[in-house]
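One-letter residues, chain by chain:
There are 2 protein chains.
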Amino acid sequence: MTFAQFSRQAGLSRGDICREILASHRESIKAKKEATAVKNLELIFDATLALANQKGFQAMTVRDLSRATGLSMGALYDYFTSKEELLEMVLSTGRRVVMRLLEKGLQEAEGPVEQLRSAIRTHLFLSEAMQPFFFFAYMEARHLGEEQKERAKQSELATERLLAEIIQRGVKAGLMATADHQMAAALIKAMLQDWYLKRWKYAKRRLSVDRYAGFVEQAALALCLAPGLPSPCGETSKS
Amino acid sequence: MTFAQFSRQAGLSRGDICREILASHRESIKAKKEATAVKNLELIFDATLALANQKGFQAMTVRDLSRATGLSMGALYDYFTSKEELLEMVLSTGRRVVMRLLEKGLQEAEGPVEQLRSAIRTHLFLSEAMQPFFFFAYMEARHLGEEQKERAKQSELATERLLAEIIQRGVKAGLMATADHQMAAALIKAMLQDWYLKRWKYAKRRLSVDRYAGFVEQAALALCLAPGLPSPCGETSKS
DNA sequence: GCATAAAGCGAGCGAGCGATCGCTTTTTAT
DNA sequence: ATAAAAAGCGATCGCTCGCTCGCTTTATGC
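Protein sequence lines correspond, in order, to chains V and F.
When the letters of the first sequence are read in order and numbered with the working numbering, they come out as residues 585 to 823.
When the letters of the second sequence are read in order and numbered with the working numbering, they come out as residues 585 to 823.
What the hints contain is simulated information worked out from the structure, not anything from laboratory work.
The reader is advised that the hints may include incorrect statements.
Copies of the same chain look alike in the list, so a pair counts if it works inside one copy or between any two.
What the hints assert, rightly or not - Quick list of in silico lysine-lysine cross-link-like pairs, PhoX-like style, CA-CA up to 25 Å:
(1) Lys-733 with Lys-639
(2) Lys-737 with Lys-616
(3) Lys-788 with Lys-639
(4) Lys-785 with Lys-733
(5) Lys-788 with Lys-737
(6) Lys-667 with Lys-737
(7) Lys-667 with Lys-617
(8) Lys-667 with Lys-733
(9) Lys-788 with Lys-733
(10) Lys-782 with Lys-639
(11) Lys-667 with Lys-614
(12) Lys-733 with Lys-782
(13) Lys-667 with Lys-639
(14) Lys-617 with Lys-788
(15) Lys-782 with Lys-737
(16) Lys-616 with Lys-785
Remember, predicted model here, so these are calculated numbers, not experimental data.
Let's have the full structure, built from the sequences with the hints guiding it.
And the structure:
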């Protein structure tokens, strides 16, 4: 699977996402006509991600947002009740879309090794297609309230667990060998996240997400398949 | 080398660091007596890192800092001329200390494999000893002015290059095999950074930095020594 | 074409920010 | 004990922020 193939089948247009936001915040959004509401929500969300990723959500002012969208202060507040709610809208909607696509992309592979490859590619392609959102969610998570911050941490742990369980199945099937499947998953996750956190670095090197995915796959398999290396926690591998 | 050994020999007390800050900003700091200045600089820097890592530097107010340090607004401004200068003071001093210790820690290993191990451990132990600073520098880098932001990027690339050069020497010596030493270095760096970025996760698991270092070492060697895997960029390994 | 609803506007509000400075308290030296 | 120097203080300033609301403009239905 390449990124081009993934993009074609994922079908995550901004319009669809904004329609979803509209549906889940119908009562607090003043606009009555769907076409108008979706058009402005697209403007607002694009501008929010662009501005916040450049200078941080706290440093971004609602007046900045007004300038970037072409909407007045008053018009903006027809779509959210406070700046904090805007943050929460972006994050909760994004998280929902990501979770849906991640689970969908994983059901199709069979065998632990293929599942690991699939999980790596799906995660990378998703973070490529929604890079501004992924970066935003990572950097702004600590500015959230306690319950929202907890959800962000749970989201991180959930994707790590997903990787760990694949590796655990691989070990049980005798296809993989690692001293600690949770730790292996954590290291793989760190490599996956580097793609959207260090975009500037990889963009400068003209490295495509397909090639990056290839490297991470190779590294992950070297890590999980490697036999006989001394285990750092005192046990040897289980194979 | 363990973290305990590293801590003993590194000798980076807060007092020493603050004395260094004082020396490099002597003209703009109003306090005349060194003892007083160092004591207050310690208060200010500790509180700044704690507050900024909890809510972000932008969201932290100088009044928060006043409350946390027990110093008045006026007294604080005897130690920096603006909130922005405070940010720059913390980052530039931290960067200087880190660079000095990193280079010092690396001169003592011989042979590419031992140098790679040493680089991994030194980086991890340093980020453990100065975790608040590392986290701060990572998260606040984009709030800096353009020239400071450029220095932060250069710093990131410098440590990556350091790893890449070790791997390149290992390949030339026939001890390592990888399709792309720069990419291998980038992935190792991502694993190193995860330690101070996801502190909450590893703390909850009661994972020591020594054990984490063992895992990363194992992963890095699996990545660099792995023979015969198909290269994702179309060439086979050079060995 | 007109009445009504929907959408959009932006000056203005109070709050809280970074930063200042004339004054008081503490320390030091004689 | 006293004068000078150093350190510490916090009310106050100008400014910008998030947010509001009465008004204008645009779209819709008959």
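To see whether the hints hold, each was checked on the structure:
1. Lys-733 with Lys-639: both (21 Å within a copy, 12 Å between copies)
2. Lys-737 with Lys-616: neither (36 Å within a copy, 46 Å between copies)
3. Lys-788 with Lys-639: Within one copy only: 21 Å inside, 31 Å across.
4. Lys-785 with Lys-733: Answer is between: at 13 Å across copies they meet the 25 Å cutoff, but 28 Å inside does not.
5. Lys-788 with Lys-737: between (31 Å within a copy, 12 Å between copies)
6. Lys-667 with Lys-737: This pair counts as within: shortest intra-copy Cα distance 22 Å, inter-copy 31 Å.
7. Lys-667 with Lys-617: The answer is within: 23 Å in one copy meets 25 Å, while 46 Å across copies does not.
8. Lys-667 with Lys-733: within (17 Å within a copy, 27 Å between copies)
9. Lys-788 with Lys-733: between (32 Å within a copy, 16 Å between copies)
10. Lys-782 with Lys-639: both (16 Å within a copy, 22 Å between copies)
11. Lys-667 with Lys-614: within (16 Å within a copy, 39 Å between copies)
12. Lys-733 with Lys-782: Result: close both inside a copy and across copies, 23 Å intra and 14 Å inter.
13. Lys-667 with Lys-639: So Lys-667 and Lys-639 pass the 25 Å test inside a copy (15 Å) and across (16 Å) alike.
14. Lys-617 with Lys-788: So Lys-617 and Lys-788 fail the 25 Å test inside a copy (43 Å) and across (48 Å) alike.
15. Lys-782 with Lys-737: Both. Shortest intra-copy (21 Å) and inter-copy (10 Å) distances satisfy the 25 Å Cα cut-off.
16. Lys-616 with Lys-785: Cα proximity of Lys-616 and Lys-785: none, with 44 Å in one copy and 44 Å across.
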